[in-house]
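Given the structure of chain A, go ahead and fit chain E onto it with the hints provided.
Listed below, chain by chain, are the residues.
There are 2 protein chains.
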Amino acid sequence: MSFTSYKSFKQLQALSHDPLDLTKKGVLTPARLKKMQSEGLGFKLCFGTERVTDKILDLLFHLSKEAEVHKKMHAMQAGEVVNQIAGYESEKRPALHTAMRDFFDERNPAPAAVKASSLAFEEYQKLGDFMKEIHEKNQFTDIIQIGIGGSDLGPRALCIALERFHIPNRRAHFISNVDPDDATSVLNKVDLHKTLIVIVSKSGTTLETLTNEAFVRDRLKKMGLKPKNHLIAVTGKGSPMDDPSRYLASFYIWDYVGGRYSATSMVGGVTLSFVLGMEDYKELLKGANEMDKHVLAHEGRKNLPLLSALLGIWNRNFLHLPTVAIIPYSQALSRFTAHLQQCDMESNGKRVDKKGKFLHFETGPIIWGEPGTNGQHSFYQLIHQGTSCIPLEFIGFKESQYPNDIKIEKTTSQQKLLANLFAQSIALAIGQKEKNPNKFFPGNRPNRILLGTHLDPKTMGRLLSFYEHKVAFQGFLWNINSFDQEGVQLGKMLAVKILDLFVQKKKKGGSSFPLGAAYLSLLDDL
Amino acid sequence: MSFTSYKSFKQLQALSHDPLDLTKKGVLTPARLKKMQSEGLGFKLCFGTERVTDKILDLLFHLSKEAEVHKKMHAMQAGEVVNQIAGYESEKRPALHTAMRDFFDERNPAPAAVKASSLAFEEYQKLGDFMKEIHEKNQFTDIIQIGIGGSDLGPRALCIALERFHIPNRRAHFISNVDPDDATSVLNKVDLHKTLIVIVSKSGTTLETLTNEAFVRDRLKKMGLKPKNHLIAVTGKGSPMDDPSRYLASFYIWDYVGGRYSATSMVGGVTLSFVLGMEDYKELLKGANEMDKHVLAHEGRKNLPLLSALLGIWNRNFLHLPTVAIIPYSQALSRFTAHLQQCDMESNGKRVDKKGKFLHFETGPIIWGEPGTNGQHSFYQLIHQGTSCIPLEFIGFKESQYPNDIKIEKTTSQQKLLANLFAQSIALAIGQKEKNPNKFFPGNRPNRILLGTHLDPKTMGRLLSFYEHKVAFQGFLWNINSFDQEGVQLGKMLAVKILDLFVQKKKKGGSSFPLGAAYLSLLDDL
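Quick mapping for you: the protein sequence lines, in order, are chains A and E.
When the letters of the first sequence are read in order and numbered with numbering that gives the first Met the number 0, they come out as residues 0 to 525.
When the letters of the second sequence are read in order and numbered with numbering that gives the first Met the number 0, they come out as residues 0 to 525.
One or more of the hints may lead you astray.
Copies of one chain are not kept apart here, so a pair can be met inside one copy or by any two copies together.
[Stated by the list, open to error] Below, computed lysine-lysine pairings styled on DSS-like, alpha-carbon distance capped at 30 angstroms: (1) Lys227 x Lys9; (2) Lys136 x Lys188; (3) Lys54 x Lys71; (4) Lys188 x Lys131; (5) Lys406 x Lys227; (6) Lys34 x Lys125; (7) Lys193 x Lys225; (8) Lys64 x Lys6; (9) Lys70 x Lys496; (10) Lys33 x Lys491; (11) Lys496 x Lys188; (12) Lys23 x Lys136; (13) Lys281 x Lys491.
Hints listed in this document are in silico derivations from the structure and should not be mistaken for laboratory results.
Same shape as in the complex, but just chain A (with noise of 0.2 angstroms):
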């Protein structure tokens, strides 16, 4: 069955002429306010600024039923090939990051995945002893990664979220993009002879992350340094990096682990674990293994990923809004939405399902933001008042990370935060009527605010599961392989052949790849 097939699906399409006025006096109300929440895993999912009636989300989970998601979000954490488009070449894998981190509750004695959790707690032990002995010797206090995409922004997202439980000294940095200046500005912050420099591709063929572990060998060398001495290779056993000869020390990822879900294997893990300490590592690892056993112990609203999912798809597929403002009120998680931009838009920015069908509804939107305050003072009068209507995801905390905080004029800078929040969920909601055409708001700005106690590295691992099982779970809904990411490879292979131009033109001016030739040729007269 397809997505717009279900009879849910009819039924929401009717009602969808019709939304529900959040402007209208007497509907946006307190009581709905308390009402509309659901709450879990020391979370509070409150909706009641979304443009939803009880019909309207009673009719949402039973699409969420038609659709069998639960079956499928058991089957993806058991090991199924869930990666897969039936009849067309396709990875055929199975997508487990779920069983990077359910091996504990002493250790779990029936892991969904056994062997993929048996695999990853072994390198997880290999992972503790290792910094162990980093930790005795002590002579280590920086961490480069070198990575992009997923070996990049889940693990840097985390490291700036977890800053405030960093070990004192110890600091990360991160060289993603092939641009050298990026190498460069990284290169000049750090004292080499003090810093680890851990390598990650899981192919371990990535064109930058290749050329910038070259660069930094190269730098290491021309210092009188050892390479193997400072770096650790994090790839896929039998890679062109799967060399330990070469490295002081190499961990495994494995293909069935994505990399925009990779955060929690060792991707993210050697650096993770290098700033925050063993312990706080795995307190981010359980509470994302907490929140992955809560999807599956979840069937109706109780389930805030498969809730928050739902709740996209009427604005998505029914309200027909294009994209979506992920806004914390939390400095800590400014680079939180630019993981999540991956996780959600290389997931499920789709066209065909499993099928290999091509779709004729909206699949994932884009994902975009900044931290509040700071978006109030800059594209929120968009939001507020332009032509566009922008859904908005709110993430805020009861409390700051930092115990400092200073009262003035009676309240403190997390009441100013937490005040502003609430302010602009209903502000976006009832907007404002005025005879001055330019102070007039239209409101009805969906959204909706994922509310937590205080951002600690278990809250940081719920949440990171959070987001990747509100994705999973509309990827579900859709019926669309939210495991794959053949955008990519046009563009690749394009990159391939001007560069081939670029080493031809010193020898007869290449013309294999005309449009490429035309572009270069522009260079010329710069």
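Chain E only, in chain A's frame:
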């Protein structure tokens, strides 16, 4: 006349029903790529991969004549009152950011706006004297800028972009969010003994900025340091912050310079001249001024910001594409898109025209993006194969900033960067027909490349001004007020009400704002 009643609007609308198909054989040719480019001030704007024909371009330029955009640009730079809504209460001010940098040509005997230019020059000279002193005393290594929105994003983006030109051992930091973790995290990274702190708020009343100023003053005092020896004010004359007795130095800005256009005023000046030195800061201003003059001097395709604005209009109002991804293939510009997000969305995210009439066409798009090649490993999947069509504005440079580069497999990293940029532009335009539906790329993703030689301070100034004027031209075309931001008021007002509840709560339980109280009560059992 309104936008949609121009003669060329209707002609363009007729043509838009059957837009150019870039995937058709013979459409995207090397000749087209070479012909469809325009150059000026060291930049080439390559737009062969946009879905336009010469006829459409001619009509777009005709549209710009009907909208009298040149007259409006001249009026703006000459200091006419362009920030207003006729017949309604509004700010009624000029928009004179160009006057912040038109006092060169040793010195311009006839600046467009004599008085504003002269006042700006005074501050510029004051800044020079102050920086000379700071340099001689050699007491400060770090500077923290406290500001939000325009007092943060532009200066921060420029600081990062020009890191390669920073004076050795000078570092800039930024605190913007009212989240107390933002200030704590930054303060943990500096030695306040050696740190200048510049507080930037035009009104002198910005909640976040005043709160963070108090936070930092408190910290300085606790350390036994005198705030007056460290703090610099940038504010409007007569604002609550205009109290030179409390600051080491005070610099002025004026209400006719909008926050999002203020990077070349003292809002950016103090921090930028501290890290760059006055000479390079001057180059930045000169570059911006050159682009200001460029847009006055040229009417047709040679006017690069206008050309870019018109291509944007085609995508927004005729192809109905709601977002624009701005992707610099330059790690130095990693935060430039965040600045443009404000500059564009706050300026043109409007729903009334300059007479207060509600609009029935789309205005400012959603601006988002991250640097390439990073984005290729993240959200490009959706751009290539998703169900939403996203136009792209690429920015690239022939050379890297630092001379360090490395040749691997016969090409440098910079060549790899450019190869990817060109490859993406072509791939997005032409797509790929394939039997395997999962490897099918629809193509026809309109995109253009702004190509420069080297990102130095002068080029950065030109680029900044390029986008300021692109945004202004679009506003002129739509006949909206690109210089106010009424949309930020409603949320501010409700936040004040909620802050009251935080205060009252301790006493009774507050219900002066029941919706706010409902949210507050959700915090209780978290």
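Taking the hints in turn, this is what the structure says about them:
{"no.": "1", "hint": "Lys227 x Lys9", "in the structure": "neither (61 angstroms within a copy, 67 angstroms between copies)"}
{"no.": "2", "hint": "Lys136 x Lys188", "in the structure": "both (23 angstroms within a copy, 25 angstroms between copies)"}
{"no.": "3", "hint": "Lys54 x Lys71", "in the structure": "within (25 angstroms within a copy, 52 angstroms between copies)"}
{"no.": "4", "hint": "Lys188 x Lys131", "in the structure": "both (26 angstroms within a copy, 27 angstroms between copies)"}
{"no.": "5", "hint": "Lys406 x Lys227", "in the structure": "between (51 angstroms within a copy, 21 angstroms between copies)"}
{"no.": "6", "hint": "Lys34 x Lys125", "in the structure": "neither (47 angstroms within a copy, 58 angstroms between copies)"}
{"no.": "7", "hint": "Lys193 x Lys225", "in the structure": "within (12 angstroms within a copy, 36 angstroms between copies)"}
{"no.": "8", "hint": "Lys64 x Lys6", "in the structure": "within (11 angstroms within a copy, 53 angstroms between copies)"}
{"no.": "9", "hint": "Lys70 x Lys496", "in the structure": "neither (44 angstroms within a copy, 46 angstroms between copies)"}
{"no.": "10", "hint": "Lys33 x Lys491", "in the structure": "between (50 angstroms within a copy, 23 angstroms between copies)"}
{"no.": "11", "hint": "Lys496 x Lys188", "in the structure": "neither (35 angstroms within a copy, 45 angstroms between copies)"}
{"no.": "12", "hint": "Lys23 x Lys136", "in the structure": "neither (66 angstroms within a copy, 63 angstroms between copies)"}
{"no.": "13", "hint": "Lys281 x Lys491", "in the structure": "neither (36 angstroms within a copy, 40 angstroms between copies)"}
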